[in-house]
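Undergrad: The residues making up each chain are set out below.
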Amino acid sequence: MLSSSTFGRRAALRAANCRQCLSQPANRRGLAAPASGSFQYESSEAAGVKIASRDFAGPTTTLALVAKAGTRFQTYPGVTEGLEKYAFRTTERRSALRIVREAELLGAELSSYHTRENLILGAKFLRQDLPYFLELFAEIVGSTKYEPHVYDEEIKPLIQMAHKRHIDNTTELAINSAHSLAFHRGLGVPLRPSSATPYTKYVDANSIAEFASAAYSKSNFALVANGTNHGNMAKWAGQFFSSAKNSSAKALESPPSKYQGGEERIAHNSGNTMVLAFPGSSSFTGGSYKPEIQVLASLLGGQSSVKWSSGFSLLANAAAPFPSVKVATKSAIYSDAGLLYVTLEGSAKDVAGAAQETVKTIKAIAGGDIKKDDISKAIAQAKFKELEYGQQLWAGLELTGSGLVQSGKVYQIDETAKKLEAVTEEQVKKVSSVHISPMSKNDANRVMNVGCSDPP
Amino acid sequence: MSAPHFANFVVKRPWLRAWMQPLANWYANASGYRQIGLRADDLIPEESDIVQQALKRLPPKEAYDRVFRMRRAFQCSLSHQLLPKAEQTTAEQDVPYLSPIIEAIEAEQKERADMDAIVVARPKAQH
Numbered sequence: 001m002l003s004s005s006t007f008g009r010r011a012a013l014r015a016a017n018c019r020q021c022l023s024q025p026a027n028r029r030g031l032a033a034p035a036s037g038s039f040q041y042e043s044s045e046a047a048g049v050k051i052a053s054r055d056f057a058g059p060t061t062t063l064a065l066v067a068k069a070g071t072r073f074q075t076y077p078g079v080t081e082g083l084e085k086y087a088f089r090t091t092e093r094r095s096a097l098r099i100v101r102e103a104e105l106l107g108a109e110l111s112s113y114h115t116r117e118n119l120i121l122g123a124k125f126l127r128q129d130l131p132y133f134l135e136l137f138a139e140i141v142g143s144t145k146y147e148p149h150v151y152d153e154e155i156k157p158l159i160q161m162a163h164k165r166h167i168d169n170t171t172e173l174a175i176n177s178a179h180s181l182a183f184h185r186g187l188g189v190p191l192r193p194s195s196a197t198p199y200t201k202y203v204d205a206n207s208i209a210e211f212a213s214a215a216y217s218k219s220n221f222a223l224v225a226n227g228t229n230h231g232n233m234a235k236w237a238g239q240f241f242s243s244a245k246n247s248s249a250k251a252l253e254s255p256p257s258k259y260q261g262g263e264e265r266i267a268h269n270s271g272n273t274m275v276l277a278f279p280g281s282s283s284f285t286g287g288s289y290k291p292e293i294q295v296l297a298s299l300l301g302g303q304s305s306v307k308w309s310s311g312f313s314l315l316a317n318a319a320a321p322f323p324s325v326k327v328a329t330k331s332a333i334y335s336d337a338g339l340l341y342v343t344l345e346g347s348a349k350d351v352a353g354a355a356q357e358t359v360k361t362i363k364a365i366a367g368g369d370i371k372k373d374d375i376s377k378a379i380a381q382a383k384f385k386e387l388e389y390g391q392q393l394w395a396g397l398e399l400t401g402s403g404l405v406q407s408g409k410v411y412q413i414d415e416t417a418k419k420l421e422a423v424t425e426e427q428v429k430k431v432s433s434v435h436i437s438p439m440s441k442n443d444a445n446r447v448m449n450v451g452c453s454d455p456p
Numbered sequence: 001m002s003a004p005h006f007a008n009f010v011v012k013r014p015w016l017r018a019w020m021q022p023l024a025n026w027y028a029n030a031s032g033y034r035q036i037g038l039r040a041d042d043l044i045p046e047e048s049d050i051v052q053q054a055l056k057r058l059p060p061k062e063a064y065d066r067v068f069r070m071r072r073a074f075q076c077s078l079s080h081q082l083l084p085k086a087e088q089t090t091a092e093q094d095v096p097y098l099s100p101i102i103e104a105i106e107a108e109q110k111e112r113a114d115m116d117a118i119v120v121a122r123p124k125a126q127h
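So the sequence lines, in the order shown, correspond to chains A and B. Heads up: the first sequence begins at 1 in the numbering used here, then just goes up one per residue. Heads up: the second sequence begins at 1 in the numbering used here, then just goes up one per residue.
So that you can see chain A by itself, here it is in the shape it has in the complex:
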């Protein structure tokens, strides 16, 4: 089987690629060389497809296809979940089994997942295999067979499993509920099916195929790679993606996000989670980027960065008397809006107690009672987290791809780190008084409570 045309072609591509490697050695930069330059993405367009890459020194490459087809843009409930599970299935040229076995033989890793805004197909592989994987992605985009029996036998059970995991996990359920209260539609659509209705009524092979033709049209996705030469990437992407669909009849659209207010309590028998959410910052590539919010998130904090200690962040201190409670603050960023949320989970009593303390702390901060020391600590931590995130290979792939598709801008980690550095005390105070004041008139606070008997 292996001597068939696919492998012969791949060997030829690899040979061609290696000749290029010889003329331009890939590892010019040693590991000890300053890394800041390599954080920058180069972007361009090849055959109408937006591509971005950065030449990270190292023997492996991470490639991602980021399609603007997350749950925010889905045409029917659950269809994004279905399309995600159809990735790397049988195409017109090879079977799903063959794709997996070939990837195994090349020592690669394939993955697919979705977020609220994006659907991401990913592959990690050795540097010289780039053409093979670009070809594979082009094949998935252009010629996946959306066969009904594949949906019935393989996709549907996976969607059911995602549904079950989703409704069993109180934290996930609470965060989804906070999003739906905050944004109602668009970003508020649950990340995974929260009832059986999507896959019993809406999702089938036909609706997924229809969604795919819009999701995988040239204007709707971007290719982002870490650890590859940009010229190489442009060349092979141009060659393989030239036959991809230009644009679909029906582009995927979602109305601009508008922040709403609300409160929801959900009874649940498997845990206690409480989410307090506030309007946040958009992504760096979006319109309302506010680095202060990220600083504010690390100021509130909650999670410890050292072992065997609850840490010194404000919320960690506030929740210290309640040992069973886990507190975390996250600033979720999307293309045109964001959500800053605090998650508390633990036993019902402790969550209720910690929630009271948390709200007290937040009110104090909103009132301007922040120590200078704490702010400088928070800025340093936010900057560290951002840069550390940037060092990981998967980092920024999604944000970059999403930025390219939605606004033509690339998510540059260096620049966000610089912006974080420039945040001042006044900015943090101002943003906290506007965004997280539970007293503010426009109903900026949200109390989300799952299975907690005595909320504040």
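No lab work stands behind these hints, which were simulated from the structure alone. Some hints here could point you the wrong way.
[Unchecked claim] DSS-like, lysine-lysine: derived pairs with alpha carbons at most 27 Å apart:
{"no.": "1", "chain 1": "A", "residue 1": "Lys201", "chain 2": "B", "residue 2": "Lys56"}
{"no.": "2", "chain 1": "B", "residue 1": "Lys110", "chain 2": "A", "residue 2": "Lys145"}
{"no.": "3", "chain 1": "B", "residue 1": "Lys85", "chain 2": "A", "residue 2": "Lys145"}
{"no.": "4", "chain 1": "A", "residue 1": "Lys156", "chain 2": "B", "residue 2": "Lys110"}
{"no.": "5", "chain 1": "A", "residue 1": "Lys145", "chain 2": "B", "residue 2": "Lys61"}
{"no.": "6", "chain 1": "A", "residue 1": "Lys201", "chain 2": "B", "residue 2": "Lys61"}
Go by the hints and put chain B onto chain A.
TA: Here is chain B on its own, set in the frame of chain A:
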């Protein structure tokens, strides 16, 4: 499972086909299943995992029609009757609807078996 046949061999040779086709038509009509409203694919034995899988992959309408044909044929057989001429299966209606699915499943299984017995030969070093 799909029955062994040499139909492909015959179909590829027009002269042979021209000679065999009337014989085949006569044989299919003489076997009697068309007179009780069945199609040739209805006669494939169901008692195998592959055919069971193929039956699950049938579109709902096809699956319903298949059961209908079988129940009607069963009644005919019990009552020792043939269907009225208008309701009997014609040669045009007697199309394979199940065997393509069975063949696809067999091909999948063969591919899996082949892949499991794979011998990896590294391409010679190119540098």
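Undergrad: Would you mind marking each hint as holding or not holding in the structure?
TA: Against the structure, the hints come out as follows:
{"no.": "1", "hint": "A:Lys201 with B:Lys56", "in the structure": "20 Å, holds"}
{"no.": "2", "hint": "B:Lys110 with A:Lys145", "in the structure": "20 Å, holds"}
{"no.": "3", "hint": "B:Lys85 with A:Lys145", "in the structure": "41 Å, violated"}
{"no.": "4", "hint": "A:Lys156 with B:Lys110", "in the structure": "25 Å, holds"}
{"no.": "5", "hint": "A:Lys145 with B:Lys61", "in the structure": "22 Å, holds"}
{"no.": "6", "hint": "A:Lys201 with B:Lys61", "in the structure": "18 Å, holds"}
Consistency with the previously given hints fails for number 3 only.
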